[in-house]
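Asker: Below, each chain spelled out in residue letters.
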Amino acid sequence: MKTALCLLFLTTVGCFDVEQVDPCAAAGPFLVDDFEGADELPAPPFGQWSCRGFNPDDAPEAVTECTFTTGQDGQGFMGDFALQDVRNMMQEFTGGALRTSSTRALDLSCHRELLLSARFEAGPMPPPAGSTFNAELTCQSAKAGGVVGGTSGTAFSILRILSLTSSWQSFRVPLSSFTQPSWQTERIDGNERGCLPLVDGVGLQLSTTLADGESGGGKLFIDNVSFE
Amino acid sequence: MSPSSNAVSRLGALLVAQACACSPSTDPASESYSRIDDMEGEGSRIPWQAPHTDSGAGTGRWQSFADVGCASLVPPPTSPDADRWTFTDVPKPYTTFSGARSTRAARLSTTEPLVDTWGAGMRFDLTSTIDTVEPSTEVPDDLPCPTAERDLSEWPAEAVDLRDYRGITFFGMADAAAGTTRVSVLLLDRNSDPRGGICDPTQASPTECFNSFAASVELGADFKRFQVDFSELGQDPQWGYRPTPNEPDLEHVYGVAFQVFTPGGVCPDGAVCPGGPPSLTFDIWIDDVYFVNR
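Residue numbers (our numbering), protein chains in the order written: chain A, 1 to 228; chain B, 1 to 294.
It is possible that some hints are incorrect.
Said to hold, decoys possible - For each label pair, taking beta carbons as the anchor points, the in silico distance ranges come out as:
| # | chain 1 | residue 1 | chain 2 | residue 2 | range |
| --- | --- | --- | --- | --- | --- |
| 1 | B | Arg-163 | A | Arg-112 | 57 to 63 Å |
| 2 | A | Asp-58 | B | Asp-200 | 24 to 30 Å |
| 3 | A | Cys-24 | B | Val-139 | 35 to 41 Å |
| 4 | A | Ala-155 | B | Val-139 | 53 to 59 Å |
| 5 | A | Thr-70 | B | Gly-276 | 17 to 23 Å |
| 6 | B | Gly-276 | A | Cys-110 | 33 to 39 Å |
| 7 | B | Gly-197 | A | Gly-149 | 23 to 29 Å |
In short, the hints are calculated from the structure, not lab data.
Note that beta-carbon positions come from the ideal geometry of N, C-alpha and C, so glycine has one too.
Starting from the given sequences, assemble the full structure and let the hints guide the process.
Answerer: This is how it looks when you write it as structure tokens:
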């Protein structure tokens, strides 16, 4: 009888011991866009692709062309950027970006890598040495010090430098390798990992080291964007 | 994105649910229905009366909604002081349930493209605690749009227990020449409607409202019947408040919406989008909306 009770107890305890749930079990591959669909739209919740200049922001003249074009395989997406650092005795690190955004936060904390293909075709005035290409994840609802955007109201993001050439290359970028840019003076709560549950944009940017008043740019291409 | 994408498999459950609702339904004799609205009456209020209400709420009413271009929406959005809802004569009367002839339907259309917005829709609440809203045909060119948050908070209502029903059925059609023909049917339950006090109406909040359990249907050129079982409804798995278990709260439902989404959504401020900012046009008809009894 004692043995039976003991066995019953052990069996019961055992049942509770094996009750473990993997919170990431449902996080399968997520194809953001392979640019092959007739609708030319990324997967929900992402909205349509766009091209934008930054530093200065909201400068549509920085974008001379924004279009779907030949990609790595089939169709891809391209932005042609004519960037100019504003002549004001300061270097603004002007740049351009291809991006798809969502008004909804996407939880990528269970994903490990961003996959994308990209290339850069320098314009007549190429960006100077020291310019960088970055994969970018934005997380505008991330908090710093418990406040969305921090006290400075920053639209937080995390970046990872990529080495682009004029030929198509495929990149597999660990999400753990993304870092918050140094110009964002307030750190995201939870550091870079604090951005991953709140991703609302993915893109590719050219950040130049154009000197004060200098111009430069080129065509940035992207294709086959996914998370695994 | 291509149809063979991994995203499709990831969203499989939702898409399967939507696919189930995409085909016009047959009319099995074994099912019984409860009429919500056949659109043959006058005014914007639905005939369906909730069997039990604590507050003595009256019947709900139809209205349209959008965030931009509301003077271009027909019928335009109702406000608490001006009921602008109207039903429209169908192009050709047709037979619906039990041999009934339908002569009118709920029609929502655009006279100008709605630019750079998520979409638009029409909905009915199941109850309303606002007794009277004066009918109005006045449509100012700058008619303010009801934002989702303000729109719903302006329409106090009592949630209704729909557990006696297993789904909703309706007739629908759309003019493909006018634009988008895909319509999402949304159940506005306590977990997704800000009036339920559970989710957060703040945009981009991790527990944001408005991620209603839904299924989408592709409307054709002629009226056909569609049936959506509540068990088929799915929530977008990637944003907003997601209840556990992840299913609609049928015990507390405020209303039903028929929404049209802009393909591609909006172009971000300061950005250039290929082909210019996305726009939305449509001409959709919804008729003879019934609950499917259990």
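Asker: Now, for every hint given, state plainly whether the structure supports it.
Answerer: Status of each hint after checking the structure:
For the pair Arg-163/B and Arg-112/A, the supplied restraint of 57 to 63 Å is violated, since their beta-carbon distance comes to about 42 Å. Taken as a hint, the range 24 to 30 Å holds for the pair Asp-58/A and Asp-200/B, whose Cβ atoms sit roughly 29 Å apart. Judged by the Cβ atoms, the range 35 to 41 Å given for Cys-24/A and Val-139/B is violated: they are separated by roughly 51 Å. Checking the proposed 53 to 59 Å range against Ala-155/A and Val-139/B shows it is violated: the Cβ atoms sit about 37 Å from each other.
Judged by the Cβ atoms, the range 17 to 23 Å given for Thr-70/A and Gly-276/B holds: they are separated by roughly 21 Å. For Gly-276/B and Cys-110/A, the hinted distance range of 33 to 39 Å is satisfied, since their beta carbons lie about 36 Å from each other. The hinted range of 23 to 29 Å is satisfied by Gly-197/B and Gly-149/A, whose Cβ atoms lie roughly 26 Å apart.
Hints 1, 3, 4 from the earlier list are contradicted by this structure; the remaining hints agree with it.
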